[in-house]
Amino acid sequence: MEENNILLAFGLTLFAGLSTGIGSGMAFFAKRTNTRFLSVSLGFSAGVMIYVSFVEIFAKAQESLTGFMGIEKGTWVTVLSFFGGIVLIALIDRFIPKAENPHEVELVEHMTELERKRHTDKRLMRMGGFTALAIAIHNFPEGLATFTAAMNDPNLGIAIAVAIAIHNIPEGIAVSVPVFYATGNKRKAFVLSFLSGLAEPIGALLGYLILMPIMSPLIFGILFAGVAGIMVFISIDELLPAAREYGEHHLSVYGLIAGMAVMAVSLLMFI
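When the letters of the sequence shown are read in order and numbered with our numbering, they come out as residues 117 to 387.
Mixed in with the good hints there might be a few duds.
[To be verified] In silico EDC-like cross-links for lysine to aspartate or glutamate, where the CA-CA straight-line distance does not exceed 20 Å: (1) LYS176 <-> GLU188; (2) LYS176 <-> ASP269; (3) LYS189 <-> GLU179.
No lab work stands behind these hints: they were computed from the structure.
Go ahead and model the full structure; you've got the sequences and the hints to work with.
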């Protein structure tokens, strides 16, 4: 990893995280949710992340670990680290209450429904606050994943940052809708949604401060394999279910295949 990639890596992580603000803006200025667009986009994001995790990130992790530990031990550690990443993100997901889980689909149209409850349901502000916290917790490992990939390969980092940015858009809607109708304050709802995305660059910063001083082929391989596991879990647990809920089943699949194809062509162009 080259030092001159650091600023780019932080910039990409910041872009991905703060894309929750795009979702927040959509909630305020769009009359209806473009569910077909979100379905294809989320499927596309999942396709990018799944393809790049198995074809590029896992392979580079294995290359680093087998070069350091030998083929047999290195391969075992790669696989264990991959599933370790899955366990980490699954545990984070497990301890977030279902009612405040950011994976729950929200629509712009829900604003009309919630407006009637503004003065009668005080739980809306609490729901929005907890959703923001839940998203921030989820975004922490995503930030580390984007930063690590960008540090190793800027082109790879750009692809992952775009994929994560797409999947952060519905999360911005999920924060803004209840907060706005609990307070009637668009600015407050937008700021809270925007800030929930800051967990990604914060995750990247902490990862850099903790891991960079001790970085070695062993640490890099374990981290990269774990990142692959995190991204596969996010794709299967969050992106694909949300894509199917937002639109027709086939739209999410078409988006998935398109994401894989675009990622494959992008990687081939940089061989």
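We went through each hint and held it up to the structure:
With a C-alpha separation of about 16 Å, the suggested pair LYS176 and GLU188 falls inside the 20 Å cut-off, and the hint holds. Between LYS176 and ASP269 the CA atoms are separated by roughly 11 Å; this keeps the pair inside 20 Å, and the hint holds. Note on LYS189 and GLU179: the hinted pairing holds, with a Cα-Cα distance of about 12 Å set against a maximum of 20 Å.
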